[in-house]
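Asks: Chains D and U, in that order, give the protein sequences. Note that the first sequence covers residues 0 to 94 in numbering that gives the first Met the number 0. Note that the second sequence covers residues 0 to 483 in numbering that gives the first Met the number 0.
Note that these hints are calculated values from the structure, not bench results. Watch out, some of these pointers could steer you wrong.
Reference listing, derived: stretches of chain D covered by chain U, where coverage requires no fewer than 3 residues with Cβ under 8 Å from a Cβ of chain U [said to hold, decoys possible]:
id: 1; segment: 18-32
id: 2; segment: 43-53
id: 3; segment: 74-84
With a straight-line Cα cutoff of 35 Å, these simulated DSBU-like cross-link-like pairs (lysine-lysine) come out [to be verified]:
id: 4; chain 1: D; residue 1: Lys22; chain 2: U; residue 2: Lys14
id: 5; chain 1: D; residue 1: Lys70; chain 2: U; residue 2: Lys92
id: 6; chain 1: D; residue 1: Lys73; chain 2: U; residue 2: Lys86
id: 7; chain 1: D; residue 1: Lys32; chain 2: U; residue 2: Lys37
id: 8; chain 1: U; residue 1: Lys236; chain 2: D; residue 2: Lys73
id: 9; chain 1: U; residue 1: Lys303; chain 2: D; residue 2: Lys32
id: 10; chain 1: D; residue 1: Lys70; chain 2: U; residue 2: Lys481
id: 11; chain 1: U; residue 1: Lys18; chain 2: U; residue 2: Lys413
id: 12; chain 1: U; residue 1: Lys37; chain 2: U; residue 2: Lys148
id: 13; chain 1: D; residue 1: Lys82; chain 2: U; residue 2: Lys92
id: 14; chain 1: U; residue 1: Lys413; chain 2: D; residue 2: Lys73
Where is the CB? At the ideal position from N, CA and C, for every residue including glycine.
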Amino acid sequence: MAIDNETVRQIAYLARLGVEEDKLEETQREFNKILAWVEELGEVNTDNVEPLYSPFDEGMVLREDNVVEGKQSKAVLENAPEKEFGYFVVPKVVE
Amino acid sequence: MTNLTELTISESLEKLRNKEISPVELTTAYIEKLEDNKKYNAFVTTTPDIALEQAKESEKRYMNKTNKALDGICLGIKDLFCTKGIKTTACSKIIDNFVPQYESTVTQNLLDDGACFLGKLNLDEFAMGGSNETSYFGPVVNPWSKDTKLVAGGSSGGSAAAVAANMCAGATGTDTGGSIRQPSAFCGVTGVKPTYGRCSRYGVIAFASSLDQAGPICKDVRDCALMLNSMAGFDAKDATSSRRDVPNFESILGQDVKGLKIGIPSEYRPDGLNEEIASYWDKAIEIMKEKGAEIVNISLPHTKYALPCYYVIAPAEASSNLARYDGIRFGNRVNGSNLEELYINTRSEGFGKEVKRRILIGTYVLSAGFYDAYYLKAQKIRRLIKNDFDEAFKKCDVILAPTSPIEAFSIGDKKMLENPINMYLNDVFTVSVNLAGLPAMSLPIGLSKNGLPLGMQFIGRAFDEETIFKAGYQLEQTVKFKRI
Chain D
0 MAIDNETVRQ IAYLARLGVE EDKLEETQRE FNKILAWVEE LGEVNTDNVE
50 PLYSPFDEGM VLREDNVVEG KQSKAVLENA PEKEFGYFVV PKVVE
Chain U
0 MTNLTELTIS ESLEKLRNKE ISPVELTTAY IEKLEDNKKY NAFVTTTPDI
50 ALEQAKESEK RYMNKTNKAL DGICLGIKDL FCTKGIKTTA CSKIIDNFVP
100 QYESTVTQNL LDDGACFLGK LNLDEFAMGG SNETSYFGPV VNPWSKDTKL
150 VAGGSSGGSA AAVAANMCAG ATGTDTGGSI RQPSAFCGVT GVKPTYGRCS
200 RYGVIAFASS LDQAGPICKD VRDCALMLNS MAGFDAKDAT SSRRDVPNFE
250 SILGQDVKGL KIGIPSEYRP DGLNEEIASY WDKAIEIMKE KGAEIVNISL
300 PHTKYALPCY YVIAPAEASS NLARYDGIRF GNRVNGSNLE ELYINTRSEG
350 FGKEVKRRIL IGTYVLSAGF YDAYYLKAQK IRRLIKNDFD EAFKKCDVIL
400 APTSPIEAFS IGDKKMLENP INMYLNDVFT VSVNLAGLPA MSLPIGLSKN
450 GLPLGMQFIG RAFDEETIFK AGYQLEQTVK FKRI
């Protein structure tokens, strides 16, 4: 399944990455090389095979619904590129 | 007296306990070594003052006999582990100013056992790479380099190089597709990728969450046992952390391997396998046979599909994990005229080429219409790969194979850089282990004709690190690899 420039643009947008116009061709070529390579997977018969999403086999355990580390807002904001009044600052999103 | 930095962890501990040396003396020796060996670019941040403070505390504990398992031992930490108050970058521009407000569980465990931290080690950006060349801070130079500068391997290139060059006694690494074992092989040191779930992933910057596992890189098998015992254990902060007991790995060393069934997978010896690597593999088999192990031929029929399977699953998980780097809560921000532009500008400027490539592939294989054909298909093949191992382990107790199909190559090697797939192919012997969640150890087997280290790996059943330690130790005792 080879992909075209338009698909590259769209995938990049979904990933919120910009691809410069002059890099589109190169990106598309590389992308197609990798896709052609993983295409090999199609050879394998996987009828009735359960997917294995994780090797972890001990199941999920619920813990008590208690706050264990609260009141950390200062630490949470410590690395924010922009903050004010105890909040993260973003560009205006509501007109 | 021998140079203190050349001692193994177990040798250092003995001298510390006998009061032949002090933690401050030992730490000072390492700090000097860090300065001497800056040329390798193994550390991206050094913390000599912190290490000395920790050494002084350690000294007190030795004085009042409250010393812990790794007291006074100087370690390097891969810059993927969050360290409270110490910059942690994943060697990416996008978070090159990030100072964690908490400590990863693995590093906390090491600190609780009295270790001193010398600093943070270089890696491929977000652990994506096999040569350490994708690091924002430049490649690590392999300490075995002769005329031309060679790669240290990746992604834990800084960890393996620092241990090889005696810049720290041991180092933490992480292994998603071979990132502990391959650099260990390239640098002539020993590295263990534990079973998935053995070490907590809490505070380890995520690459591919169902594959990532932390482990030690050390000078020898015994040191790996000591360090892994400190790093491992259940952690409520990681939902995939195992509740199984952690055995004392050191106590297993020295047990004989009589009757141990060692599996040799035929698929790992394709036509055209590097002859030197093949002959060292034969040598390792001979050594184990002489020690009384039984050699069994096994088959892992889906091996061929492990790489493409991995290069669907790992980028898929990465594209999801790396969505958090958006310039809002941490890391660098590049402004735009609206929120969406801010995201795009931040991510386009912050991520390097290989990371972007994997995010794009991952986004594609997870996108509507292609999910079944790529992602779901790969997860089904992953099951078949795990089934192969389950079948093989009915016939054998442990598997022996080369770690990497090649030795360390030159920094900037054209063949590797012009086609990303050429670099991916180097992971051919390592990725299956991650897909199946198994433990494996790489240890040096000898030097190539170019004078470069080559590695062999033992692969064990899930949660049976004991057998790989037992077998690895026996092989090591006969090989007697000469470190730098």
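Asks: For a quick check of understanding: which of the numbered hints are violated here, in increasing order?
Replies: Those not satisfied are hints 4, 7, 10, 11, 14.
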